Amino acid sequence: MFLQRQRDTEVCNLYGQYITDLESFCAQLERCLPGPQLLRRIDGSSGIVSLLRNRAATAVRTPSKFRYYIWHDADVLLRANRTLFGRLVDAIIGVGAEAEYASDDLLLLHRSIFVGSSLLDLYAEDPAGQFSIWAPDADGEPFWSVVTGVEKPQVVRYNIDALWS
Numbered sequence: 001m002f003l004q005r006q007r008d009t010e011v012c013n014l015y016g017q018y019i020t021d022l023e024s025f026c027a028q029l030e031r032c033l034p035g036p037q038l039l040r041r042i043d044g045s046s047g048i049v050s051l052l053r054n055r056a057a058t059a060v061r062t063p064s065k066f067r068y069y070i071w072h073d074a075d076v077l078l079r080a081n082r083t084l085f086g087r088l089v090d091a092i093i094g095v096g097a098e099a100e101y102a103s104d105d106l107l108l109l110h111r112s113i114f115v116g117s118s119l120l121d122l123y124a125e126d127p128a129g130q131f132s133i134w135a136p137d138a139d140g141e142p143f144w145s146v147v148t149g150v151e152k153p154q155v156v157r158y159n160i161d162a163l164w165s
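Following our numbering, the numbering of the sequence shown begins with 1 at its first residue and continues without gaps.
Since the hints were made in silico from the structure, they are not lab data. The structure displayed is predicted, hence computed values, not measured ones. Mixed in with the good hints there might be a few duds.
Each computed EDC-like pair below joins lysine to aspartate or glutamate, with the alpha-carbon atoms no more than 16 Å apart [unchecked claim]: (1) K152 <-> D104; (2) K65 <-> D137; (3) K152 <-> D137; (4) K65 <-> E100; (5) K65 <-> E23; (6) K152 <-> E125; (7) K152 <-> E98; (8) K65 <-> D105; (9) K65 <-> D104; (10) K152 <-> E141; (11) K65 <-> E98; (12) K65 <-> D8.
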């Protein structure tokens, strides 16, 4: 694959046909991102957000500059559990915005690609979906907006069929 051949680049393929709940998402994430043990939760220490923020570095390998998350068949979880899908989208895109706009660490650009049926397109049109707005935290504030200063997620939609014509 083109992305995997790029220098200083990590590619995390998430196979959505096997992602139907938090447990199966975490299992997929653990397979593609090295790091500490992942607890089955989104926030908090040892949660998904913590692992997404983590950058694997060794003495013999330069730190990655780019990380791509390619979530194949992302519509499977959207269909099964819309709320969980939104929370995971919020975490993935939010960590990317944080790394780009608010982190003092060496820059690691995160980019997310959600591949699936037209259900994803409908979700992108939903003004309350996490392709359109940051999810509010327990206090009703959109956490990622507060942390990054970015008003809403920066999402671009593509129709794969249109790319080939």
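Hint check:
no. : hint          : in the structure
1   : K152 <-> D104 : violated, 21 Å
2   : K65 <-> D137  : violated, 29 Å
3   : K152 <-> D137 : holds, 14 Å
4   : K65 <-> E100  : holds, 11 Å
5   : K65 <-> E23   : violated, 28 Å
6   : K152 <-> E125 : holds, 14 Å
7   : K152 <-> E98  : holds, 12 Å
8   : K65 <-> D105  : holds, 11 Å
9   : K65 <-> D104  : holds, 14 Å
10  : K152 <-> E141 : holds, 12 Å
11  : K65 <-> E98   : holds, 15 Å
12  : K65 <-> D8    : holds, 5 Å
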